[in-house]
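Student: Chain by chain, the residues run as shown.
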Amino acid sequence: MKRIFPILSVITAALLGYALYAALVIAPTEQTMGDVQRIFYYHVPSAWTAFLLFLNNFVASVVYLIRKNPVADIVALVCAEVGVAFCTVVLITGPLWARPVWGIWWTWDIRLTSTLVLWLIYVAYLMLRRFSSSGQTPVLAAALAVFGALDVPLVYFSIWFFRTQHPQPVIGGGGSLAPAMWHVLLLNWLAFSMFAFLVCWSRFRLEKLSREVDETQAMNALLDEPVSNRSAR
Amino acid sequence: MTPPSGITLATLSKDLRLEWRSKDAINSMLFFALLVVVVFSFSFDPNAEESRHIAGGLIWVAFLFAAVVALNQTWAREVRNQVLDAYRVSPAPANSLFLAKALGNFIFVTILEAAMTPLFIVFYQLRSLGPAWQLLLVAAFGTWALVVNGTFFAAMSLRTRSREIMLPLLLFPISIPAILAMVQATTSILLGEGARFWIVLLFTYDLVFTSACLLLFETVLEAE
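In order, the protein sequences belong to chains A and B.
Just so you know, we're using this note's numbering here: the first sequence kicks off at 1 and counts up by one.
Just so you know, we're using this note's numbering here: the second sequence kicks off at 1 and counts up by one.
Just so you know, the hints here were simulated from the structure itself, not pulled from any lab data.
A couple of the hints might just be wrong.
Unchecked claim - Pairs of lysine to any residue, SDA-like flavour, derived with a Cα cap of 25 Å:
(1) Lys68(A) with Trp201(A)
(2) Lys68(A) with Ser211(B)
(3) Lys68(A) with Glu222(B)
(4) Lys68(A) with Ala212(B)
(5) Lys208(A) with Arg159(B)
(6) Lys68(A) with Leu215(B)
(7) Lys68(A) with Leu84(B)
(8) Lys68(A) with Leu30(B)
Claimed, not checked - Part of the chain B face toward chain A, derived, beta carbon under 7 Å:
(9) Leu169
(10) Leu180
(11) Ala212
As the list claims (entries may be wrong) - Examples of chain B residues toward chain A, derived with CB under 8 Å:
(12) Val37
(13) Met156
(14) Thr160
(15) Arg161
(16) Ser162
(17) Pro173
(18) Ile176
(19) Val208
(20) Phe209
(21) Leu216
(22) Thr219
(23) Val220
From the three backbone atoms N, C-alpha and C, an ideal C-beta is built for every residue, glycine too.
Kindly produce the complete structure, drawing on both the sequences and the hints.
Tutor: As structure tokens, then:
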């Protein structure tokens, strides 16, 4: 296992580098939007990766609620953290693209709003984890993850109806994508998800180790008590 | 043995009696909502036509803030003297307690709305162009949507540091579809447009999250 990590890191770094080159140079320039469109190769893969991580978080949370397995809790935590990071990238690159193309930074469009709400829910999730006392954190966080997952379809429907009533600038996504662009997009997504996987992996190991250290310290504190008493006698 | 509904009723009547004698939650909530109404009213200063467009949002934001004041006090009494721990070791089902607390909050927030609505009408010169009875439906479903999740998250934030601030941090993101539905339904009714979709959405939201709360409350209450 320990040897796979550096090998995978090298492959991911190479892939990320090539994917960036592909996005900036190989991919054909979009006719109407020009080079601005190239941010798309960062924006969309980040979004897919973030949604995948949030899905993982939900599954791990349900597993934790059923099995009370601490590994599932660590997976949920790690996926939420990395997912929020990727979701932040999505929310920053989106307006950067929208400003020159739509002429506005932000609109209450269905996809934008759902992503923002998802981000808010998961920031709340991380806040809850940070503020709750350690023993109960996993259960509370898992319950909140379930609430968040139930909330997403409702958000989607409400915004969908909200916006079908008041038409807004059309999103450029309706058209078809040229095959060359698809290749670059999928390549970027592969690189991004491998990167996300690596970050999750090392974060997982870190969290696991830090919990082990906490447990050992707690155990030592318990064990030290009688020993020191004995030596005092 | 007392049936679960008996436990709910006993807890609810205890809470109502305590509130009737102390009037802690209701007074702070009413005064807070009054302040919000007054501040909004002179920061926007709308005429009758404009206020129809913005009143739905203002009313529900005021109620939302005031409801958080009440929700934060939901479990405070049970923490004092370890009442909640005693409840946990008793054989009483957790959901009876949850329903009692949620119903109690529903009653408090409904009283608040009944008291504040006339003030809104006066300050904003409101007159509904649509069927006003539908507003009652929106108020009932909307209040339940806020209160059921609020009670649940208040129980969760009880286990955290700085619990007063934790409740809105959890409640607001999850409540976004409900708040949108309440505001849009109210505005549509005031403007005389159809609000059916929003009322159905609110009802669905209530159904989904009431089930989720009842399913998960025991787990959260027992969490150690």
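Student: If a hint holds in the structure, say so; if it doesn't, say that too.
Tutor: For each hint, the structure was consulted:
| no. | hint | in the structure |
| --- | --- | --- |
| 1 | Lys68(A) with Trp201(A) | holds (21 Å) |
| 2 | Lys68(A) with Ser211(B) | holds (21 Å) |
| 3 | Lys68(A) with Glu222(B) | holds (13 Å) |
| 4 | Lys68(A) with Ala212(B) | holds (19 Å) |
| 5 | Lys208(A) with Arg159(B) | holds (23 Å) |
| 6 | Lys68(A) with Leu215(B) | holds (16 Å) |
| 7 | Lys68(A) with Leu84(B) | holds (23 Å) |
| 8 | Lys68(A) with Leu30(B) | violated (42 Å) |
| 9 | Leu169 | holds (5 Å) |
| 10 | Leu180 | holds (5 Å) |
| 11 | Ala212 | holds (6 Å) |
| 12 | Val37 | violated (26 Å) |
| 13 | Met156 | holds (5 Å) |
| 14 | Thr160 | holds (4 Å) |
| 15 | Arg161 | holds (5 Å) |
| 16 | Ser162 | holds (6 Å) |
| 17 | Pro173 | holds (4 Å) |
| 18 | Ile176 | holds (5 Å) |
| 19 | Val208 | holds (6 Å) |
| 20 | Phe209 | holds (7 Å) |
| 21 | Leu216 | holds (5 Å) |
| 22 | Thr219 | holds (6 Å) |
| 23 | Val220 | holds (5 Å) |
Against the hints set out earlier in the document, violations occur for numbers 8, 12.
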